[in-house]
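Asker: Protein chains in written order, with this note's numbering: chain A, 112 to 531; chain B, 17 to 185.
A couple of the hints might just be wrong.
To be verified - Listed next, the in silico DSBU-like pairs over lysine-lysine satisfying Cα-Cα at most 35 Å (straight line): (1) B:Lys-39 with B:Lys-93; (2) B:Lys-33 with B:Lys-89; (3) A:Lys-358 with B:Lys-33; (4) B:Lys-168 with B:Lys-89; (5) A:Lys-157 with B:Lys-33; (6) B:Lys-28 with A:Lys-141; (7) B:Lys-59 with A:Lys-312; (8) B:Lys-28 with A:Lys-293; (9) A:Lys-141 with A:Lys-259; (10) A:Lys-293 with B:Lys-59; (11) A:Lys-455 with B:Lys-33; (12) A:Lys-293 with B:Lys-89; (13) B:Lys-59 with A:Lys-133; (14) B:Lys-89 with A:Lys-133; (15) B:Lys-168 with A:Lys-455; (16) A:Lys-259 with B:Lys-59; (17) A:Lys-180 with B:Lys-178; (18) A:Lys-487 with B:Lys-146; (19) A:Lys-358 with B:Lys-168; (20) B:Lys-178 with B:Lys-146; (21) A:Lys-312 with A:Lys-293; (22) B:Lys-146 with A:Lys-293; (23) A:Lys-293 with A:Lys-455; (24) A:Lys-141 with A:Lys-151; (25) B:Lys-168 with B:Lys-28; (26) B:Lys-59 with B:Lys-146; (27) B:Lys-53 with A:Lys-455; (28) A:Lys-259 with B:Lys-33; (29) A:Lys-312 with A:Lys-455; (30) A:Lys-405 with B:Lys-146.
Note that these hints are calculated values from the structure, not bench results.
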Amino acid sequence: MSHILLRHREIPDIDQIQVYEKNGGFDGLKQAVTKMGPDKVTEVVKNSGLRGRGGAGFPTGVKWSFMDKNNWPHYVTANADESEPGTFKDREIMESNPFQFLEGVAIASFAVGAQDAYIYLRGEFWQIAEWLDQKIEEMHKAGFLGDKLFGTDYSLRIHTHLGAGAYICGEETALLESLEGKRGQPRVRPPFPPSFGLYGKPTVVNNVETLSNVPLIITHGADWYKSMGTDDSAGVKIFSLSGRVNKPGNYELPFGTTFRELIYNHGGGIIDDRPIKAIMAAGASSSLIVADDKALDTPMDYASVRTLGADLGSASVIVIDDTVSLEWVINKTVHFFRHESCGKCTPCREGTYWMQHLTERIHQGEASWEDVQLLKDVATQMQGKCLCALGEFSTMAVVTSIERFEADFKAATAKHGARA
Amino acid sequence: MSLLEAYPEEIKKILAKYPTEHKRSAVMPLLYLAQRKDGCITKETMGDIAEVLEISETEVASLVGFYTLYHDKQEGKYRMQVCTDMPCALRGADQFLEALCDNLGIQVGETTEDGLVTIEAVMCLAGCDKAPMFQLQGPEGIDYHENMTVDKTLELIEALRKGDKEVGK
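This is chain A alone, in the form it adopts within the complex (with noise of 0.2 Å):
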């Protein structure tokens, strides 16, 4: 099947304004503002069955019909701050095929009646947001973007917008703090973002994936998008796919591929074929999958990837093989939240701050087995008790494997025992 987000691997000159139209670019958006209207552009994508694919899998539709109509003016924001450990599906968009992003940013907010969209992007993506803005120059000459669109009174302009290093930004509410001037701490929520965004107007906040099927979903229809994918996960998904594999990448495929598959067939199978032991599907945000036959043939969709206990996230697949001890896994794992944590709540600011100490201790040989229980207790007592997802991120990993590989962790501790 050739791709319907990573087009460019079909289409190499994809990145071109001239070869994307001539490939049916800004057909979508030319419906959606000449023909549609508002209103049916967003039933569509909510009959499509599209859900984001930043991580939390909400129905895309649905977030833009949340728009709070009586308050104005409304905003767009595109969220390019791809920084989860193990996802780099959003870079290949843009580098490569950024119009039909930009196409997508276009049409979302034709759908919300934004004038202004920003796309945040992260501060070391430099190159790419400057790259972006030659090609929205581009875009303005060809009279896709700007005044009067089409000859309507519907204008637009996209703005790029660079982070400067924090993962915490990745987060909506972090994401509106920072490009507001602020530092990156989330807001207390609700109220969310489409009744209170940028500058407290509504506001659409969407990750690039999502935003670059949306051409496509106008073109051909809700019904041709889910056709593909399973019911509960519609369409497809850019796989990335990293750790212990021959062949790490992005794989486009659809909703409902395998673990096995995607690993031992687009991904070449494990380096020097040793045994696969664990699989994380979203991230360092994971909880940790036991990478037994089951797992392996289970679906990757939202709702199958659950059945083991886990999330499918952003569908980060980083794939850990039996050379790895989990201990090792959650010490890096938990660096990463220490260091990312923005220290606005204390359960995330100090839990992790702690949990490192620990999972450095048990790194070193230097813990017992009460450290491990004690790390564990410190973990569950954040869930449920910060104010973003990042605290509750933090602790998925190390509560998973502490259960799910306990052999790793009586190894990593067995030198001292119980302590006395």
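Once you have looked at the hints, place chain B on chain A.
Answerer: Relative to the frame of chain A, chain B by itself:
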């Protein structure tokens, strides 16, 4: 020279992106300009930014402290920031960093004797499938270098020393 004197056109362009009543949004792009001007963000440029945006200097400084890509001290001319997060580490990033430091005779966080390159370990850069990888943060911006080896990296450092940044990519 103040920031406004150094980059009048750029500042105008940046401010035009945001609603006039919310010009504070321009603080992050202006901090990048300040860093381009002096290699790091100085107290003077923080003052310039505060003045342009009509916010307090303390608020500007709090952003410099919060975001990791802003630096209030000049280290090496280039910062070589190696991702050692878990997915990269599963593909040898820690060993790469250690071997690189051994070759340069410095520790992580230190700068080569000639002040050219500071080696740092950083969190995920969205290049997990192309490890070992790093970003090179320098006066002109940020470049990604992926699927790297120690030899290729040493070659790049040599090229930087001679002023040629394109080698070793």
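Asker: For each hint, tell me whether it holds in the structure or not.
Answerer: Here's how the hints hold up against the structure:
no.: 1; hint: B:Lys-39 with B:Lys-93; verdict: holds, 31 Å
no.: 2; hint: B:Lys-33 with B:Lys-89; verdict: holds, 29 Å
no.: 3; hint: A:Lys-358 with B:Lys-33; verdict: violated, 41 Å
no.: 4; hint: B:Lys-168 with B:Lys-89; verdict: holds, 28 Å
no.: 5; hint: A:Lys-157 with B:Lys-33; verdict: holds, 31 Å
no.: 6; hint: B:Lys-28 with A:Lys-141; verdict: holds, 32 Å
no.: 7; hint: B:Lys-59 with A:Lys-312; verdict: holds, 34 Å
no.: 8; hint: B:Lys-28 with A:Lys-293; verdict: holds, 20 Å
no.: 9; hint: A:Lys-141 with A:Lys-259; verdict: holds, 12 Å
no.: 10; hint: A:Lys-293 with B:Lys-59; verdict: holds, 18 Å
no.: 11; hint: A:Lys-455 with B:Lys-33; verdict: holds, 29 Å
no.: 12; hint: A:Lys-293 with B:Lys-89; verdict: holds, 21 Å
no.: 13; hint: B:Lys-59 with A:Lys-133; verdict: violated, 52 Å
no.: 14; hint: B:Lys-89 with A:Lys-133; verdict: violated, 50 Å
no.: 15; hint: B:Lys-168 with A:Lys-455; verdict: violated, 41 Å
no.: 16; hint: A:Lys-259 with B:Lys-59; verdict: violated, 44 Å
no.: 17; hint: A:Lys-180 with B:Lys-178; verdict: violated, 59 Å
no.: 18; hint: A:Lys-487 with B:Lys-146; verdict: holds, 33 Å
no.: 19; hint: A:Lys-358 with B:Lys-168; verdict: holds, 22 Å
no.: 20; hint: B:Lys-178 with B:Lys-146; verdict: holds, 27 Å
no.: 21; hint: A:Lys-312 with A:Lys-293; verdict: holds, 16 Å
no.: 22; hint: B:Lys-146 with A:Lys-293; verdict: holds, 33 Å
no.: 23; hint: A:Lys-293 with A:Lys-455; verdict: holds, 13 Å
no.: 24; hint: A:Lys-141 with A:Lys-151; verdict: holds, 14 Å
no.: 25; hint: B:Lys-168 with B:Lys-28; verdict: violated, 40 Å
no.: 26; hint: B:Lys-59 with B:Lys-146; verdict: violated, 38 Å
no.: 27; hint: B:Lys-53 with A:Lys-455; verdict: holds, 32 Å
no.: 28; hint: A:Lys-259 with B:Lys-33; verdict: holds, 19 Å
no.: 29; hint: A:Lys-312 with A:Lys-455; verdict: holds, 23 Å
no.: 30; hint: A:Lys-405 with B:Lys-146; verdict: holds, 30 Å
The structure does not agree with the numbered hints 3, 13, 14, 15, 16, 17, 25, 26 stated previously, though it agrees with the rest.
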